[in-house]
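Chemist: Go ahead and model the full structure; you've got the sequences and the hints to work with.
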Amino acid sequence: MRRRKRMMEELDQDIRDHIEVETQENIERGLSPEEARYAALSKFGNVTRVTEETRAVWSSIWVEQLLQDLSYGIRALWKNPGFASVIVLTLALGIGANTAIFSVVRAVVIAPLPFPEPDRLVIVWESRPQVKRLGASYPDFLDWQRNTRSFAQMAALTLHSYDLTNPGAPQHLDGMEISSSFFATLGVKPAMGHDFTSAQDLPHGTPAVIISHRLWRDRFASSPQAIGKSMLLDGAEYTVLGVLPPGFRFIADPDVYTPLAQGEPLLYSDRTIHAFISIARLKPGVSIGQAGAEMSAVEENLNHLYPVADGSLGTNVVPLKQEIVGDVGGTLLLLLGAVGVVLLIACANVANLLLARSAARTREFAIRSALGAGGGRIVRQLLTESVVLAMTGGILGLIVATLGVRLIFAEFAQRLPRSESIGMNLPVLLFALGISLAVGIVFGLAPALKSSRVDLQGSLKSGDRGSTRRHPRSQSTLVIIQMALTVVLLVGASLLLRTIGDLWKVNPGFNFQHVITFKVGLSPSLTKTASDTRIAYQQLLERIRRIPGVQAADFTNIIPLSEQDNGGPFWIGPQESTSMQDAPHALYFETGPEYLQTMGIPLLRGRFFTSADTSESEPVIVINSVLAHAYFHDQDPVGQAITVAHWRTARVIGVVGNVRHWGLGDPGTYNPSQIYISFYQLSDQWIPAFARDLSVAVRTPLDVATIMPAVKNVVYGTGKDQPVYSVRTMQQVVSESMSSQRLPMILLGVFAALALLLASIGIYGVISYSATQRVQEIGVRMALGAERRQIFQMVIGQGLRIAVVGVTIGAMAAQVLARLLSTFSQLLYGVGPSDPVTFVSVSLVLISVAVLACYIPARRASRVDPMIALRYE
Amino acid sequence: MSTKEQEKRIELLQGTLDLLILRTLLLGPAHGHAVAKAIEFNSDDVLQVEQGSLYPALHRLIKRGWISVQEGISENNRRAKFYRLTIKGRRQLAVETSKWERLAGAIARILRPEAQEGKS
Numbered sequence: 003m004r005r006r007k008r009m010m011e012e013l014d015q016d017i018r019d020h021i022e023v024e025t026q027e028n029i030e031r032g033l034s035p036e037e038a039r040y041a042a043l044s045k046f047g048n049v050t051r052v053t054e055e056t057r058a059v060w061s062s063i064w065v066e067q068l069l070q071d072l073s074y075g076i077r078a079l080w081k082n083p084g085f086a087s088v089i090v091l092t093l094a095l096g097i098g099a100n101t102a103i104f105s106v107v108r109a110v111v112i113a114p115l116p117f118p119e120p121d122r123l124v125i126v127w128e129s130r131p132q133v134k135r136l137g138a139s140y141p142d143f144l145d146w147q148r149n150t151r152s153f154a155q156m157a158a159l160t161l162h163s164y165d166l167t168n169p170g171a172p173q174h175l176d177g178m179e180i181s182s183s184f185f186a187t188l189g190v191k192p193a194m195g196h197d198f199t200s201a202q203d204l205p206h207g208t209p210a211v212i213i214s215h216r217l218w219r220d221r222f223a224s225s226p227q228a229i230g231k232s233m234l235l236d237g238a239e240y241t242v243l244g245v246l247p248p249g250f251r252f253i254a255d256p257d258v259y260t261p262l263a264q265g266e267p268l269l270y271s272d273r274t275i276h277a278f279i280s281i282a283r284l285k286p287g288v289s290i291g292q293a294g295a296e297m298s299a300v301e302e303n304l305n306h307l308y309p310v311a312d313g314s315l316g317t318n319v320v321p322l323k324q325e326i327v328g329d330v331g332g333t334l335l336l337l338l339g340a341v342g343v344v345l346l347i348a349c350a351n352v353a354n355l356l357l358a359r360s361a362a363r364t365r366e367f368a369i370r371s372a373l374g375a376g377g378g379r380i381v382r383q384l385l386t387e388s389v390v391l392a393m394t395g396g397i398l399g400l401i402v403a404t405l406g407v408r409l410i411f412a413e414f415a416q417r418l419p420r421s422e423s424i425g426m427n428l429p430v431l432l433f434a435l436g437i438s439l440a441v442g443i444v445f446g447l448a449p450a451l452k453s454s455r456v457d458l459q460g461s462l463k464s465g466d467r468g469s470t471r472r473h474p475r476s477q478s479t480l481v482i483i484q485m486a487l488t489v490v491l492l493v494g495a496s497l498l499l500r501t502i503g504d505l506w507k508v509n510p511g512f513n514f515q516h517v518i519t520f521k522v523g524l525s526p527s528l529t530k531t532a533s534d535t536r537i538a539y540q541q542l543l544e545r546i547r548r549i550p551g552v553q554a555a556d557f558t559n560i561i562p563l564s565e566q567d568n569g570g571p572f573w574i575g576p577q578e579s580t581s582m583q584d585a586p587h588a589l590y591f592e593t594g595p596e597y598l599q600t601m602g603i604p605l606l607r608g609r610f611f612t613s614a615d616t617s618e619s620e621p622v623i624v625i626n627s628v629l630a631h632a633y634f635h636d637q638d639p640v641g642q643a644i645t646v647a648h649w650r651t652a653r654v655i656g657v658v659g660n661v662r663h664w665g666l667g668d669p670g671t672y673n674p675s676q677i678y679i680s681f682y683q684l685s686d687q688w689i690p691a692f693a694r695d696l697s698v699a700v701r702t703p704l705d706v707a708t709i710m711p712a713v714k715n716v717v718y719g720t721g722k723d724q725p726v727y728s729v730r731t732m733q734q735v736v737s738e739s740m741s742s743q744r745l746p747m748i749l750l751g752v753f754a755a756l757a758l759l760l761a762s763i764g765i766y767g768v769i770s771y772s773a774t775q776r777v778q779e780i781g782v783r784m785a786l787g788a789e790r791r792q793i794f795q796m797v798i799g800q801g802l803r804i805a806v807v808g809v810t811i812g813a814m815a816a817q818v819l820a821r822l823l824s825t826f827s828q829l830l831y832g833v834g835p836s837d838p839v840t841f842v843s844v845s846l847v848l849i850s851v852a853v854l855a856c857y858i859p860a861r862r863a864s865r866v867d868p869m870i871a872l873r874y875e
Numbered sequence: 082m083s084t085k086e087q088e089k090r091i092e093l094l095q096g097t098l099d100l101l102i103l104r105t106l107l108l109g110p111a112h113g114h115a116v117a118k119a120i121e122f123n124s125d126d127v128l129q130v131e132q133g134s135l136y137p138a139l140h141r142l143i144k145r146g147w148i149s150v151q152e153g154i155s156e157n158n159r160r161a162k163f164y165r166l167t168i169k170g171r172r173q174l175a176v177e178t179s180k181w182e183r184l185a186g187a188i189a190r191i192l193r194p195e196a197q198e199g200k201s
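So the sequences go chain by chain: A and B. To convert, note that position 827 of the first sequence is 829 in the numbering used here; the numbers rise steadily by one, no gaps. To convert, note that position 68 of the second sequence is 149 in the numbering used here; the numbers rise steadily by one, no gaps.
Any given hint could turn out to be false.
As the list claims (entries may be wrong) - Some chain B residues close to chain A (C-beta under 10 Å, calculated; not the full set):
| id | residue |
| --- | --- |
| 1 | Tyr136 |
| 2 | Gly146 |
| 3 | Val150 |
Hints are computed from structural coordinates only; laboratory data are not their basis. For each residue, glycine too, the CB sits at the ideal point set by N, CA and C.
Modeler: Now the structure itself:
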């Protein structure tokens, strides 16, 4: 450092000597002293630049210059607050929206599963030719566990909910029934107490439960003494064996885990009941493909051993993360692309503003370079300025992102997997920082390079404005790109909007207005035997029906459009005429007699159940119109026999309308046949399994807040230990069933609105800039007799041309996006990807917005006073 | 000095300027102005440098340890700084010279391939 200082002091002396010697020589050659000095200086070159370059040899001078540039840049921007704030706000919106979506994408799609070596975790489905993701039956699972070598561990689980009645107030808890290897497979150990052991895989063990950290905190006050205490779940005593680490969750967020062998024997002992999800951890070095091949071989063996149950089943090994992320991943990536487009549009605005500003500063740069600033130095100065702008935008963008994430979370957390980890964290901050920096550099570079190639003498001579003729062209190009990108976003958003509009118009097959559904956990004391349970439900429903304002009420095991599944095989006629796997499948509704009336499903033939259809009377079923057409053609199905797997042969007593169970836009390929069975006719052994899942549906013109207190009164009247939960209107259920379109629609809509705003600012900026540049020309035109109207049209016309070109290009690009929406993610319903209404209306909207944006500059231009304009320079 | 004149000049590549300075100092220590004059003179004024650009190059060479500075008295009896070649600089000059000759040879072969063919 000292050496550097000394060298620099001597340098000045050196240069002075050098020039003096040269001057002296020139004088000797006969020049006048003044001429001699001038020639010497000119021969030496720019002294300031030489000093700077020499200093650069000795130091990390760039740090010095960076600080200089920074303070200069901030001062320059401070003096021009309008310009700076427009840019900063534009970038804040763009960067903020991107950061928000990225934080969602990171949490849902990118982040690894929160388990050790998550890439080795897989899910193993069974499959039928029509169904790729069939749950495993427990006997099949046990055979897999015994006969495969690819997996270090395998585990089975099924969702199961409990009514907790002690300790504390009665509460409905989500839970899981698991095989003892479940936590070990995931690589998770209880934070306290013990994991299950294989002893618990056998039936009739001591009932034990592992509980969530949250339940431990709420019910046991985080006491270490909780281990070994007992809990009353569904009326049975369970001993607390362990407490899980905080934050542990898997698929759902259950509070209690019990061994599946302590659950319902009907579920785990029958090879034809596919009630379990099977997860596994691959051995190190084993690929999914190898595991899949081994699973196929093992399953083929089972096909031969158990032809009736496993006849044509296959298997399907899928990475666990892929399974958990599901279809949302594609949608989110699509949205990330869309929001990236918004950023591009924002950047185009910024680049335009920077271009205009650098044109206005041409003289400043000419002076600076005349004073010895190198071209690189000016580029660096301008880059520093644009990076300062971008970073300020980025910091504000973080606020925008935080708000955005909060909104997305509030609206969609329920429908997004892994949403619990959405938020602002280090990777998200780095992302925001990274794009801010990139934006600052990329979009500052073009104007900066342009400014550094200033024609020195030209710009110093020519009055107050420099050579600006070249800029408008590149500015128009940027606006055309903005327009095109905006069209793409608008088309995407409106296609989804039209899809949702069309979906609401679809007749779901039932009347979702004025229906409320909820679940009731009947007291264990009322449901000791199957016949007790039947009576308890019957009495509960009778009391609910007597509540003033209730028009009809009954229960069902599955609610339409809520993604609940209850499929099973059936055979036409009195025999099981084929193997289970070859038999057709139907969706089974186990309901009470007033269900049809409650849901408003039309009865087409025959009758529905009555209270006279009991376990003592002849078994009867009701079928939907799809099953009737497919299997009875022109025959009258009423009076025919149908055999239901796991139950018995029943007589068809009625045909009802088809209910769109799988989604309003469902094409009807998966399980379109529907069969209704009276809950009161179910075999005794099935009653406990089905009773747990029953939802009550109530038809009433009253709203939830009015009717539910009365319902709760009625329920609590028969036992205080009976929670009422999952209260939803059918309107909500229908609305949620469209969430896969609603999420992208709302977000694309927001992005498109942003894009529209930015693009209109963009076109306004360019047109008014070019109108200002043309003031003289306009003055001449007017002096030569042009009318104000013609000037107005000329300026509007300029904007219109830009808009039309942009819209045309955008419409073509939008076709591509629309195809993506319709084929790749199957989000569209009812509208074609090239829906003319959408394209025409979007184009019109955009062109009118563009014309509106040009209105102000056009009016201003037409008011130009030719006398003043001509005197302008 | 107009822009066009400037364009006609052959701009010295940085490395070339270094080489020329080292070569000049091989003849003995010299001060800045003398180095500039010597380079101009020896290259028949074709390789004209803006004299100022000599100084960053000189300091670059000092930093690398190829030349050193010492106080001295110039021909017109003034105190001046003299630059002199170090041993390290002498070695570097040999390396740079052979590198340059190889490069020049290569360029000549590219520019006049027929002469080469004629020879072989």
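Chemist: Are the hints correct? Go through all of them and say.
Modeler: Checked hints:
no.: 1; hint: Tyr136; verdict: 5 Å, holds
no.: 2; hint: Gly146; verdict: 12 Å, violated
no.: 3; hint: Val150; verdict: 8 Å, holds
In summary, the one numbered hint that this structure violates is 2.
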